[in-house]
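Student: Please work from the sequences and hints to get the whole structure.
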Amino acid sequence: MPRTDTEIPLVLDEQTSAFLDRVDTDPQAPLRTAIQAVGGHGKTAVLARLRRAYQQAGVPVAGAWREPPDPDPDRVVLVDDAHLLDAAALTELRRLAESGRTRLAVAFRPWPRPAGLTELAEVLHRGGPPVVLGPFTEQRTAAYLGTAYGSALPPGVARLVHEQTGGVPRFVEWLARALRPADRRPGRADRSATDRPAPAAPTLEIPRSVLLQFAPELESLEIEVRRLLLAMAAGPALPTDLLGALLNRHPEELDEPLAAARAAGLLGPDDRLAPIVRRAIAALSPASQRAAVWQRLAELQLQRGGRVLPLVRSMLDGGFGASCPAGVAEAAGDEALGEDPALAARLFAVAGAAGRPVAARRAMAAALSADLDSALRLADRLIATPDSPDRADGAAVAATALVHRGHPDRAVELYRWSGTPSSVAFAALGAAGAGRVDQLDRILADPPADGPPTMLASAALLMARGLKETLSGPPTAALSTLVQASALLEPAGRSVLLPETPAALAALVALHSGELDIGERALDRATAAGLGGALTARRHRLLQSWLLMVRGRTGEAAAHLAAVTTGPVPLESRDLVFAAALDLGIARRNSDLPGLQRGWERAREAVVRHPVDLFTLLPLGEFAIAAARLGELDRLAPYLGEARHLLARLGDPALWTTPLHWSCLHAAILADRPAVADEHVAALAAATGHTRYASVVAAAGQSWVEVLRGTVDPVRVEAAARGLHGIGLCWDGARLAGQAAIRTSDRKAMTTLLDCARMLQGRPAGAKGGTRPAGTDSTPVADAIAAPTEDRLSEREREVAELVLSGLTYKQIGDRLFISAKTVEHHVARMRQRLNCANRSELLARLRTIVEERSAGRPAGSAWPQRTAR
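Numbering (our numbering), first residue to last: 1 to 870.
Keep in mind the hints are simulated off the structure, nothing from the lab. The beta carbon of each residue, even a glycine, is placed where N, CA and C say it ideally should be. There's no promise every hint is true.
[Claimed, not checked] Calculated pairs, EDC-like style, for lysine to aspartate or glutamate (alpha carbon to alpha carbon, straight line, at most 16 Å):
1. Lys811 x Asp592
2. Lys811 x Glu825
3. Lys468 x Asp446
4. Lys748 x Glu797
5. Lys468 x Asp438
6. Lys468 x Asp441
[Unchecked claim] Using C-beta positions, here's what the derived DEER-type ranges look like:
7. Ala342 x His125: 26 to 32 Å
8. Ala115 x Gln55: 33 to 39 Å
9. Gln55 x Asp317: 47 to 53 Å
10. Thr688 x Ala445: 30 to 36 Å
11. Pro216 x Leu242: 26 to 32 Å
12. Gln597 x Ser480: 38 to 44 Å
13. Pro269 x Pro112: 14 to 20 Å
14. Ala563 x Arg296: 43 to 49 Å
15. Ala322 x Ala563: 34 to 40 Å
16. Ala178 x Ala322: 29 to 35 Å
17. His250 x Arg126: 23 to 29 Å
18. Arg377 x Ala719: 54 to 60 Å
Tutor: Dropping the structure here:
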């Protein structure tokens with residue numbers, strides 16, 4: 001790398017810097033040095049630096065090496081690429097070094113190493129340790145790039161360049177030149193750092209012009225070395241026996257081509273290719289040669305029983321997927337099934353086009369990647385082929401897809417027709433979800449013996465047992481069984497196709513029984529394991545959002561919901577039911593009437609698309625409350641009737657009926673139907689003692705109707721509210737205490753209940769300043785209003801002011817703060833008076849001005865001057 005005045009200067013290591021410093025200090029001192037490095041590590045640049053140092057000191061330097069000069073103590077001889085010299089030249093150089101009369105520096109690569117070079121190196125080493133040049137550290141890469149970018153080096157560039165180049169100085173220089181800002185390139189007038197804009201951090205899209213600079217070095221290599229590098233560019237670290245088979249050599253015979261690749265600087269000391277080298281080799285190799293090498297590698301790897309997916313990925317990235325051998329594509333599809341089902345489906349399509357029997361696995365891969373259209377099409381074709389040995393598997397895939405599409409009855413038929421042990425268990429689960437428990441009883445009494453006891457079959461049987469326990473036994477036993485089933489499937493992860501995951505079923509049971517921590521942990525583990533693949537990922541996240549919502553953390557729940565519903569792929573009908581109910585539940589808890597109205601239309605579509613079953617009772621309860629709030633409860637009556645009939649067929653199991661009665665109680669209250677509310681309270685009371693959850697909501701339901709009828713027992717209300725909080729219904733508990741507080745005429749009881757409501761919201765009792773109602777997002781409004789002023793607002797007025805600026809109505813604010821709308825109006829009037837505002841518009845403008853001034857950094861004490869707002 002010879003340096004010109006416009007090029008980037010050397011960035012040297014300590015050893016090389018010390019060597020050059022010695023020459024600069026005493027250019028007349030003897031010199032007999034070897035400079036050793038692989039290609040691209042700066043041998044030529046160091047020799048150029050030596051030449052410049054001697055010339056500046058007036059010492060003559062021999063020109064380009066042609067033939068050995070006569071020994072001359074006044075002259076310096078610099079020789080580059082000595083590994084390319086013939087034997088005669090090396091012999092003469094050795095004699096010159098042995099004479100000790102001429103200062104001599106010889107640079108060479110570690111390979112090839114002819115005998116004459118070995119003898120020369122031994123003589124040079126007697127004159128002192130060799131100068132060994134290595135790759136840049138990340139710090140030296142950063143220093144090198146800093147000379148290209150100046151002070152405007154974007155953060156993270158050095159690390160990215162170092163990762164791409166492996167620190168090889170020549171590659172760093174090539175990439176630095178490509179990334180250098182235009183005003184820093186040779187021939188451009190330099191601008192000061194203040195005038196030069198800092199470039200954005202590059203994404204390091206390597207220009208083809210950089211890759212083309214590798215062409216001369218690659219073309220100089222023998223064909224066998226190029227084939228070796230092309231094989232190593234396929235991606236994974238390949239064993240030497242596989243590389244030897246590719247080159248028709250014994251593993252011990254690979255030393256020579258590997259040494260050639262290392263000496264060229266293309267292969268790192270750990271025998272790995274730097275990313276930029278891998279890209280250059282793939283880009284510059286002829287397409288036919290690349291395809292032939294990679295295909296042969298994949299076939300050899302398949303024969304030896306190794307993983308072929310990394311090799312096949314390289315073929316796909318290179319555009320050679322269609323020419324992948326069928327057996328290799330099939331094996332790679334099996335490997336990809338648990339990692340990337342969509343890729344597995346592509347690979348099975350390649351294998352299937354070549355006649356391999358992969359239709360069932362292709363359908364399964366499509367289902368796991370949530371491509372239910374393709375899965376159903378492929379599965380239906382399998383089922384319709386009488387002589388296909390995979391008809392049972394096709395039926396299982398179709399049944400699973402139909403469960404997610406909202407056709408559980410048809411899915412049960414297909415599962416039963418499939419007849420595998422797991423399918424029989426899933427058929428029983430689906431039938432029980434529709435209110436038919438006979439299949440569940442039969443399978444538990446006489447488990448199917450046909451087929452091997454796989455993890456899937458065992459987990460499906462545990463799920464059936466767990467569901468049966470929810471209908472008759474304690475929820476703790478059911479949760480234990482379902483959590484065990486989930487743990488059993490975790491090793492299978494993304495490769496197991498499920499109509500419902502045991503973790504999701506455990507979360508539903510946990511929500512119905514108040515064991516939210518257990519449900520949360522089960523979902524977290526299932527999400528980490530990728531249980532069920534992309535097909536069930538959104539269901540897990542929706543249930544995680546539900547857990548957040550019932551705990552009153554509506555902001556987090558809304559963020560989770562947005563992450564699930566945002567994207568080009570629409571939700572399947574079962575997931576749509578939960579997403580629509582979450583939308584309504586969050587809006588209701590935030591007193592967001594417009595949001596409730598918008599969400600109701602989506603909810604009506606979801607109700608129509610998915611039939612009522614045991615596993616969608618929670619969304620149905622939220623739909624009922626929202627419908628009552630909007631005066632639409634009669635529209636939902638047929639679906640609520642179906643739910644009651646379904647539960648009656650199952651014997652009205654307390655675990656499943658209690659949450660629905662709790663929701664319907666609130667719907668009756670909102671719809672002003674006291675007789676219906678009393679019926680639900682009685683139903684809740686009948687379940688008392690079955691579980692702690694049932695006992696708590698029964699007591700809370702009784703307290704609700706008493707409060708609404710004007711009877712407020714603060715001790716009972718607070719106990720009921722704290723009980724709701726204890727089973728995870730945090731928002732409901734705070735709501736009960738708050739509603740009781742605004743309906744009691746006892747001042748002391750009102751204060752106690754309000755403190756209880758605030759504490760259950762997550763705010764300490766008696767909290768002062770900057771408090772925030774549960775479910776609202778953090779904003780600078782509260783902080784700005786809470787600033788010290790000459791006319792200080794009270795705590796309650798600051799809370800009201802925050803919500804007024806949020807755009808809520810007086811009634812919505814009252815719902816949030818557990819006060820009446822009239823009291824909110826009174827607080828707003830007092831704020832107008834204190835801030836000297838003539839009307840509501842001036843008040844709002846004044847509050848916004850305060851926030852703007854606060855955001856601009858004005859002193860807090862000046863935020864409230866007595867003047868009319870603009």
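Student: Take the hints in turn and mark each one as holding or not.
Tutor: Against the structure, the hints:
no.	hint	in the structure
1	Lys811 x Asp592	holds, 11 Å
2	Lys811 x Glu825	holds, 9 Å
3	Lys468 x Asp446	holds, 14 Å
4	Lys748 x Glu797	violated, 21 Å
5	Lys468 x Asp438	holds, 11 Å
6	Lys468 x Asp441	holds, 8 Å
7	Ala342 x His125: 26 to 32 Å	violated, 58 Å
8	Ala115 x Gln55: 33 to 39 Å	holds, 34 Å
9	Gln55 x Asp317: 47 to 53 Å	holds, 50 Å
10	Thr688 x Ala445: 30 to 36 Å	holds, 32 Å
11	Pro216 x Leu242: 26 to 32 Å	holds, 29 Å
12	Gln597 x Ser480: 38 to 44 Å	holds, 42 Å
13	Pro269 x Pro112: 14 to 20 Å	holds, 18 Å
14	Ala563 x Arg296: 43 to 49 Å	holds, 44 Å
15	Ala322 x Ala563: 34 to 40 Å	holds, 36 Å
16	Ala178 x Ala322: 29 to 35 Å	holds, 33 Å
17	His250 x Arg126: 23 to 29 Å	violated, 38 Å
18	Arg377 x Ala719: 54 to 60 Å	holds, 58 Å
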